[in-house]
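Chemist: With the hints as extra help, turn the sequences into a complete structure.
Residues per chain, in single letters:
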Amino acid sequence: MDLPSLTSLVIGAAVGIASGGVGAFIILKRMALVGDALSHVALPGIALALFYAIDPFWGVLIFLLAAAVIVWWLEGRTTLPADALVGLLFTTSLAVGVLTIPSDEIIHSLFGGFPTLSPLAFIITTGLAIAAAAMVLGFARQFLFRTITPDLARVHGVGRWFDLLLLALFALIVSLGIKLVGTLLMGALTIIPASIAKNITKTMKAFFTVSTLLGGFISVTGLFIAYAFSFLPGPSIILFGVGLFLISLVLPRRIHS
Amino acid sequence: MMDQNTILEVRDCAVVLDGQRLLSGVSFTVRKGEALAVIGPNGAGKTLLFKALLGLVPYSGTITWRPDLRIGYVPQKFPVDKTMPLTVREFFLLKSKRLWFPDQTFLDHLSHELSLVGLSQEVLERPVGELSGGQLQRLLIGWAMVDHPEVMLFDEPTAGIDVGFEETVYQLLQRLQKERGTTILLISHELNIVYRYADQVLCLNREMLCHGKPREVLHPQDLARLFGESSFYEHQKEAHS
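Chains as they are written, first to last, in the working numbering: chain A, 1 to 257; chain B, 1 to 241.
Any given hint might turn out to be false.
[Claimed, not checked] Capping the alpha-carbon separation at 27 Å, the derived lysine-lysine pairs in BS3-like fashion look like this:
id: 1; chain 1: B; residue 1: 97; chain 2: A; residue 2: 29
id: 2; chain 1: A; residue 1: 29; chain 2: B; residue 2: 82
id: 3; chain 1: A; residue 1: 198; chain 2: B; residue 2: 82
id: 4; chain 1: A; residue 1: 29; chain 2: B; residue 2: 95
id: 5; chain 1: B; residue 1: 97; chain 2: B; residue 2: 82
id: 6; chain 1: B; residue 1: 95; chain 2: B; residue 2: 178
id: 7; chain 1: A; residue 1: 198; chain 2: A; residue 2: 29
Because the hints were derived from the structure by calculation, they are not lab data.
Modeler: The following block contains the structure:
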């Protein structure tokens with residue numbers, strides 16, 4: 001039996017685990033749609049990187065970090081319709097991206113592909129994904145504090161900067177996964193594992209652990225499916241994840257620790 | 001300079017939000033171990049004053065806390081997502097440095113603090129979203145005092161609590177004050193509580209209307225100004241009962 005390349009599997013596992021971890025907080029913050037829309041900003045970044053003949057990852061990362069700062073800034077404003085602005089801004093960038101990316105690149109940009117990376121790029125991608133996942137774990141208490149009760153968090157010295165850090169980590173993880181899963185679907189990879197975990201767990205420890213492990217599992221299994229049936233990896237990963245989500249709806253919430 | 005016994009000094013504090021002046025001219029001092037009650041009608045800016053004290057809303061004027069003070073805050077409203085996978089124990093662990101692998105001394109201490117607010121130990125394993133309103137209120141009080149803060153701010157600590165427990169809460173406040181020397185700032189609408197427990201009272205209705213010892217400053221005419229003529233007789237009756 002043919003197998004997807006080891007490179008793809010390692011990247012898939014690392015990015016999947018990081019997505020599951022950061023997604024846990026995005027779901028708890030009820031920012032699933034913002035997170036999803038945020039990943040669309042990557043497209044003009046890809047276009048610009050292609051134009052200047054640099055690795056698209058850097059274009060994506062810069063655009064996503066900028067978008068993360070905008071979301072964070074809007075969150076702090078009570079007088080602006082933040083959801084509408086986010087929707088407008090991010091779909092605009094999707095439209096701009098689609099028009100500016102060369103047509104032979106567009107499908108992979110939107111829906112991902114099996115990445116062909118130089119050894120250095122492979123090490124950087126995997127290393128950054130692991131580092132991002134470790135940071136999410138390390139700052140979990142602060143992220144959770146801010147999610148549950150921003151006021152009490154602030155009183156206990158956990159300020160808004162942690163919201164920005166979470167969004168920045170989210171932007172980094174999405175940037176790392178975009179080659180594999182694509183800009184349209186990468187947001188979903190962060191949302192699906194946590195949504196499943198929320199359906200079946202009752203404690204934070206179980207929720208976070210299940211979400212993180214599921215991220216890796218869904219991503220790697222999706223890659224096998226894509227390879228076996230010659231599908232694009234992005235849609236395969238997402239559809240497999242959604243299948244698990246449907247199953248989780250009928251499972252009882254019983255995982256305690 | 002603040003003198004040694006001063007915990008909090010507020011000078012001419014004002015809050016303007018979205019162009020609206022919601023609070024102005026508030027000045028007072030709280031000394032160590034004192035209990036200060038803030039009273040006033042709905043929409044008077046009591047909660048807003050607390051938020052300014054805690055640095056949660058922008059304000060003008062000066063608010064000076066004694067440096068390195070541990071503060072406990074019991075908010076009036078605490079929206080809980082019913083589906084949040086979070087146990088009471090995990091909620092407490094937000095205050096410890098170790099969320100995933102808690103240390104045993106912290107956990108032992110938890111059950112002690114829980115018993116003070118009348119919650120049993122089995123509640124630790126329950127999801128926060130499944131608690132009743134009364135249990136949640138008790139939990140918030142227990143949560144605020146678990147690390148023995150030097151100052152506690154209570155925003156209507158007995159709202160949504162059964163009458164029997166109300167008495168327990170105020171006894172608890174007194175106990176904190178006596179045994180731990182905790183300084184207490186309290187928003188309350190119950191004047192009998194203010195008379196019995198507070199050393200100082202501060203009347204608010206968008207501006208500071210009175211400030212001092214309850215028996216000295218709470219004249220009927222002040223209460224009338226504060227709450228309006230219609231509610232004045234009722235409050236006077238309550239105060240005397």
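Chemist: Any hints this thing doesn't respect? Which numbers, in order?
Modeler: Of the numbered hints given earlier, the structure breaks none, since each of them holds.
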